[in-house]
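Chains as they are written, first to last, in the working numbering: chain A, 1 to 306; chain B, 1 to 507.
Treat the hints as calculated values from the structure; they're not laboratory data. It cannot be assumed that every hint is accurate.
[Stated by the list, open to error] FRET-style restraints, in silico, Cβ to Cβ:
#, chain 1, residue 1, chain 2, residue 2, range
1, B, W502, A, P42, 50 to 58 Å
2, A, V139, B, D471, 18 to 26 Å
3, A, N80, B, D173, 29 to 37 Å
4, A, L133, B, Q496, 22 to 30 Å
5, A, S27, B, A198, 54 to 62 Å
6, A, G283, B, Q380, 47 to 55 Å
7, A, P42, B, E460, 23 to 31 Å
Just so it is clear, CB atoms sit at the ideal spot from N, CA and C, and this is done for glycine as well.
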Amino acid sequence: MSGYTQQLRQKQREDLDWIFHHISQFSIHGVLVLLGLFCLVPLLLIVSASFTDEMALTRNGYSLLPSEFSTQAYETIFRNPVAILRAYAVTIFVTVAGTVIALSLMSPLAYALSRPDFVLRKPLSFFVFFTMLFNGGIVPYYILMTQVLRVQDTLTALIIPYMVVAFYVLILRTYFAGLPSELIDAARVDGAGEVRIFLSVALPLAKPALAMIALFTALNYWNDWTTALYFIRNADLYPLQYLLYIIQSNAQAMQLQSAAGHISMSDMPTQTARMAMAVLATGPAAIFFLFFQRYLIRGVTLGAFR
Amino acid sequence: MSKISRRSFLKSMGLAAAASGASLSGLTGISRVFGQNKFEGLPKLLYIFPGTPQPDVARVQDALNEYMAERIGAVIELRAVDWGAFDQQIGLINASAEAYDLAFTAPWINNYYNNVTQEYLAPLEDLLPSLAPNYWNSLTSDTWEAARVNGSIYGAINQQIFVKPFGPYIRTDVLDELGLAEAFAAVTQYEDLEDILAEIKTYADRSDTVLEYVTYNLAPLLVEENWGYDPQDSLLAVKSTDESAQVVIYSQTDEFRRAAELIRKWYLAGYAPSDVQTWGEQDSAWSAGLAAVRVSDIVKPGGNAEVQARWGHAVASKAIAEPLLTTGGVVATLNGVSSISAHPEEAVKFLELVNSDPAFYNTLCKGLEGVHWEWADRDQQLIRPAGGAASFGDTGYNPNTDWMFGNVFNAYYTDATQVGAWPETAELNRSARPSPVLGFTFNRAPVETEIASVSAVRQEFADPLGSGVVDVAEGIDRLNRALIDAGIERVRDEMQRQIDAWKSANS
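Take these sequences, add in the hints, and give me the full structure.
In structure tokens form, the structure reads like this:
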């Protein structure tokens, strides 16, 4: 009898545990789902708004599904598809080339700075770190680019500004410094020179950090429009973000103009076009991010920030 | 593993080197190709202005150069910089002493006063009378005074509408539907609109109309020109009839209170939406036909056609404010000559052409006859897009900024409803009452900090009065107290001191 009661109690306790377990699981998941929605819904709203008829958007406001489906916003933007495609090409080229160049410049620099036996370690570190605290300001920057380097209106002008980012160099340096020095000693005993140690030992071990810096750098290049604003006048070299900015600001200027001539602003989508631009500009970057995400997480957890 | 990474590393290095090499050697200077051997040896003027670069600009530029080379012995390079980039680019060009000859400047873009203070612009008062006599004489000396800063004229004034006769615009379809056209024509002050707005409100409330509210923005009623004040800096103003030119704090005047009370009353009556909207939303709302009244906007000859072209509804309008000639109205559109220009004399001769030679000016504004436009009615100076194009935007050259390049009264009309607007506008400019402080420009430097805090206060306390969401008596009281705390009296006293000095220097 008592054994049976005990068994029953035991069973009840297990049931209770099971319920509690599921309640806690359920609530944690609930919170996470909610957080996920907070991130996702604004994006969905943008996509939906970009496919909504301009007038319907004004009348009905934003909704998760387009109240009146229309591709007019995209048609307006793609009225000149060559310009958009060229801008994509410019952006992709600058992003890929820029990231490769940036990594090949920053990683040797960071590695050298990480080696305690490097003679110029302190002055060079200071030199890199100093640029994080002080910079010349926009006008000297402009003079350097246009009158000394003379790179205005070239793709080079778009690549130069992010080739070496002091902060990323520091992150990489910290990562390289965390590699066991025994590995380097062992390589040296095996007869490897400095270059070989860097290429065959340090770099492969630093892959997670490199991947993360590559991602950051690529995003910098992808999202950059101010460099083009300062240095690019040739419309054929406009990167994507800048082209979208220009389309937007020209549309606004057209509305502000006191002499309107024959343009009927009523059939120019503005709000939906803005959303369509956001989709075009962030869409590829978002996919890119998904692709690199696992490296990013590993890079962060593997101590890049420590 | 190490081999793979090394190889890929080397490969990427090679790629990078190839890429940067290609971009350095191949692309440098692609855009710098502009050989025009025909005009070899002639000075080339670089003219920078905001605008969308036009596909056919090279052809137009060639035609202009033919014309200019003969008459003034110089050629021009037109450089349109996209609207969103203009301010930054011209700022950097100025700051880094990059060479150019002419640029568009105004208080609202490529700031004229800042350019003068920084000595980016050349003084023109000695060059204009001798090198641009027709242009110089086409404007009254009162008008030229407005562009004068620290004793010199640094900007060539583009003739356009100088005055701001504010008044309401109402959609004609709504007026006709409700039979209010006559009542609207009889309106002489804003209070008279009351009954009209009430009827439109009832109409908007009916479920079978697209109309949702009467108007979408009441704030323009607060604008100083509506009530006979010449707005100066930071909520300070001078009454147009006050010859002694006393500076007053606008928010302390009876007129400000009257405007705020009207706004509050109409807001409470539900004539405007309760949530404050951005300009973009307001424009879309108007285009969508949700509102029927623009309560206070600039009413000018040809204005109705312009509003219709921009937002797509036929409108009627009625000027209420007395036209007032102010410094701000005159200097709204200027062209300046760079202080480091190598050819200032040719630049001034170019200004003479755009301001007094209709053929030249219209080529710059509208393109080439037969290519971009053709006569619709030569006697009326009315043109239409060339070759049956649906709009000027499809012809390959349509900067659509006549007011930026020169004297708009010389511009060909592009719409039959505009015909005759220019003489009327010129007459409006001529007949307008000159402000007692026309030509005076406030030097902000001594009270820069106070102005910054006044501007913050203005946003915090004056904007709610403009939308009608706060009680008037309390709102004005709070605004004025905050303004005084922010130091508006010091700004006022400084301005008064400068005005008095300016007056005694000019009398």
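So, going through the hints one by one against the coordinates:
no. : hint                          : in the structure
1   : W502(B) / P42(A): 50 to 58 Å  : holds, 53 Å
2   : V139(A) / D471(B): 18 to 26 Å : violated, 48 Å
3   : N80(A) / D173(B): 29 to 37 Å  : holds, 35 Å
4   : L133(A) / Q496(B): 22 to 30 Å : violated, 45 Å
5   : S27(A) / A198(B): 54 to 62 Å  : holds, 55 Å
6   : G283(A) / Q380(B): 47 to 55 Å : holds, 51 Å
7   : P42(A) / E460(B): 23 to 31 Å  : holds, 29 Å
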